[in-house]
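Keeping the supplied structure of chain A fixed, place chain B upon it in accordance with the hints.
Sequence order for the protein chains is A and B.
The first sequence begins at 1 in this note's numbering and counts up one residue at a time.
The second sequence begins at 1 in this note's numbering and counts up one residue at a time.
Derived by calculation from the structure, the hints in this document are not laboratory data.
Check the hints yourself; a few may be wrong.
[What the hints assert, rightly or not] Dumping the calculated PhoX-like pairs for lysine-lysine here, alpha-carbon to alpha-carbon at most 20 Å: (1) K123(B) <-> K163(A); (2) K158(A) <-> K123(B); (3) K164(A) <-> K126(B); (4) K80(B) <-> K107(B); (5) K39(A) <-> K329(A); (6) K164(A) <-> K121(B).
[Stated by the list, open to error] With beta-carbon atoms standing in for the labels, derived distance ranges: (7) H247(A) <-> A141(B): 48 to 54 Å; (8) K163(A) <-> S214(B): 39 to 45 Å; (9) D37(B) <-> K10(A): 40 to 46 Å.
The C-beta atom is built at its ideal place from N, Cα and C for all residues, glycine as well.
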Amino acid sequence: MNTNLTETQKDYAVFLPAVSGFYATFIGKQRFEEYVNYKRIPKNFVNGVESLNFLDPKAQFNYKWCLYSAGHAALDLNKDAPGEDMFRNRDKSTSWTLGDSGGFQIGKGVWEGDWKDPHCPKASKKRTAVLKWMDALMDYGMILDIPAWVSRSPEGQKATGIKKYEDALAATDINNQYFMKNKTGACKFVNVLQGENHTDADNWYEHMKHYCDPKQYPETHFNGWAMGGQNMCDIHLVLKRLVALRHDGLLEKGVHDIMHFLGTSKLEWATLLTDIQRAVRKYHNENFTITFDCASPFLATANGQVYTSIEIEDRKKWVYRMIASADDKKYSTDTRPWRDGVLADSIFPKFEDSPVTKGLTMKDVCIYAPGDLNKMKKEGKTSWDSFSYAIQMGHNIWMHLTAVQEANRQYDAGMIPAMLVDESFDRVMLKDIVEAIFATSNKEESEMIIEEYSRYWMSIIGTRGAVGKKTVNASTQFANLFEEV
Amino acid sequence: MKDTLLDIVKHTHTLGFLNLVKIVSDSKETTIESMADDRSVIMKGKFHKPVAGIDGTFGMPQLNKLDILLKVPEYKDNAKITVTTRDKDGVKYPTGLHFENANGDFKNDYRFMNAEIIEEKLKSVKFRGVTWDIEFEPTMASVTRLSYQVQANSEETSFIAKTDGTDLKFYFGDHSTHAGEFIFQPNVTGTLDKNWAWPVAQVLQILKLAESSSLKIHLSNEGALQITVDSGIGEYQFILPAQSK
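For reference, chain A alone in the conformation it holds in the complex (with noise of 0.2 Å):
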C-alpha cells in the first residue's frame, strides 16, 4: 500500500484535495488540547490526530499537495485561531498550498457588501483580510474573483450588488487593481477566469489578461492562471485559451508556470490535464503545472458515504466508489479490521483498504453504543461521533489520490477512458491532437486544428457547467438580443 504519494506523483496534473475547514479543525486543535480523547484515537494512528495531517510526512500517507480555501478559514492573522493551524504553522519546505480565495462566498452572498464600489466598508475589510492571509499562508493563491454566475444566483444578488455579467467583471477587476498594489510577493498569485460561455470567457480574458502581464507589471504582475466558470470544463475553451496565452506570451517559464482548474473531480480529466500539461512542457514552457482541486473526499463523508473501489477499465467510464458507510450501534464492540467487517456484513460489496483504515476497527469509527449520549447530551441516531467523520475523510482523501495516481498509471500503460477515444468513423485519440496543437508554434494553424475537432470536444464531459451538447445553447445569442424590462 502507497503510502508516500509524493513520490509516485510523477509528471502527472496534480490534483489538490480541497481541504474542509471541519477536517483541519481536529488536525489543528489537538495541538492545543485533548480535542479527541486519546483514547477515542484508533491504535493504528501513531502519531495521532496528526496522524491524519497528510502535508506532514509523518502522516499515515504523505502527499505535499492541497487547496485551502480563504472562505471558510479564519482570516485574521492577530487572533489566535488552533483550528487553522494546519495551515498556519504548515511547514513549507515540505508542502505546497493554492489558496481558494472565497469568491465562491461571494457568489453566494455570504461575503455582504457592494463589491463594485472600491470604497465599500465591507468589501474593504473582507478584501484586505484575505490578501494578507494569502500572503502569509499560502504559495499560491487565486485572486478574488467575483464568479459571472453570481447573476444568477439571487443570495448572491442581493447580498453583493452584482447583478449582471459586467458587474462581476467590474468587481473583479476592483478586486484585481488592490491585490496587484498591496500584496508582499510572498505568495504568487493567479488569474481567476471565468464566464459561462465562450463569448464571455473571451471577453473576460481580454478584459483581464494585462495583470499577468510583466511587460506592464515588471514587478507585480500575477503567476499564472485559474480556470473557473466554462473554462473549467470545456475542453474546447481550455485550448482555445492555452493556444491565446501562448502566443500572447502569457505562459512563459518562471512567470506563469501555474494553471489550475477548479472543481474537477472526473477521473478522465485527471489524465486529459496531464496530457495537456506533458504537451505545454514539451513544446513552450517546461515548468508548466496543471492543478486541480475538488472537494468530493470531504463531501462524501459529510453525506455518509466513503470510497469503496476504483474501477479502471479500458473504453469505459472511470469512477471511484461511492458507498454508504457503515454506520450501526451494534459495532461499538466489534474488534474486527474494519475491512473484514464491512465485508463480511455485505455493508460494501468490495474494499481497498487505506493507509487510514489499515488497523482500524469497527468500533473506530462506529464509537456510540446504544445508550450512549453525544456532545450535545442526547442519544443519538448515529453510531458517529464528529471524529468519525475525520477517519474516513482520510480514507477518502487517499482513495481519491490514489485515484487519480492509478487513471495517470493505466493511462500511459495503454489504457484509454471511453470519453478521450471515439472510434466511431476514424481513431480520434485526445492525447494526439492535443499533441499536434501545441507542436505547431503557429497559432492560426493551432486554432484550426482545435475548430477542426468541435464536436469531438463536446464528447469530452466536464463536471459542471454548461458540458457535453449543452456547450451549445442559446445564452450568449440570448444576451445580445434581449433585455430584461
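This is chain B only, laid out in the frame that chain A set:
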C-alpha cells in the same frame, strides 16, 4: 373560453418546452408571454380579441394539468368553465378556473399564479430587434422534409441554416459525423452566411403548428429566428436566439 384555453395549451405546453405563461389582460387587449427554461425560445403573443373576465396579471403554471382538464370527457359538452376571482382593496383579480360538467356533479379547480410570483418566475424581456434578412411562409412539404432529416440525424440537437444562392438550406452534422442537408425553401431573397445553429426539436415542434395555423419564418444573419403563428384566435411570435458555444 375553452377555445382560448385550448389555443394557449397548444402553443405552449404541447410544444414540450414552454410550461409556464404570463397573461396580462385588460379591456383593450390580452397578451401572453413565455420562455423556455434554457432560453432557447421566447414566446410573446396577443389574442385577436381581449379575453373577457380575466383583467389583471397572472401566471398559468403546470399547463399539463390544464391540458388534462381540457381533455376530460366530462367537460366535453356543455361544461361550465368560469374564472374565479378574489377581491383585494376593492379590485377583483383572477385566481383560477373552475370546471364543472353539465350535471354539476364533476368539478375541478385550476389555480393561477399571482402577479408577484409570476413576475419573479418569468421576468419580462424586451427584444432589441434585428434586421430580418429572409422572410417567407414555409410549406407543409418543407416541414415534412425537415422531419425526415431530423429522424435521419436523430443524434443532432441543432442544425445550421444558410443560403446557397437563392436556396435556403438546412445542414445537419459535419465532416466528422453522419450528415445531411436539404433545400428547405427555394427562391429566397437575402443572404444568410453565418454558421448559426438552431435547436432541432424546438424549431420542428413550432413549424408543425403550420398544420392548423398560418405561419411565417423570419431569419436574421444577426443570429435570430422568429416564427410567427396565427391560429385565428391569437398571434404568437416565437423568437429563437441562435445557438453557439
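Checked hints:
1. K123(B) <-> K163(A): holds, 14 Å
2. K158(A) <-> K123(B): holds, 17 Å
3. K164(A) <-> K126(B): holds, 16 Å
4. K80(B) <-> K107(B): holds, 10 Å
5. K39(A) <-> K329(A): holds, 18 Å
6. K164(A) <-> K121(B): Roughly 17 Å between the alpha carbons, so the hint for K164(A) and K121(B) holds.
7. H247(A) <-> A141(B): 48 to 54 Å: Once the Cβ atoms are compared, 50 Å apart, the range 48 to 54 Å for A141(B) and H247(A) holds.
8. K163(A) <-> S214(B): 39 to 45 Å: holds, 40 Å
9. D37(B) <-> K10(A): 40 to 46 Å: holds, 44 Å
Hint compliance for this structure: no hint is broken.
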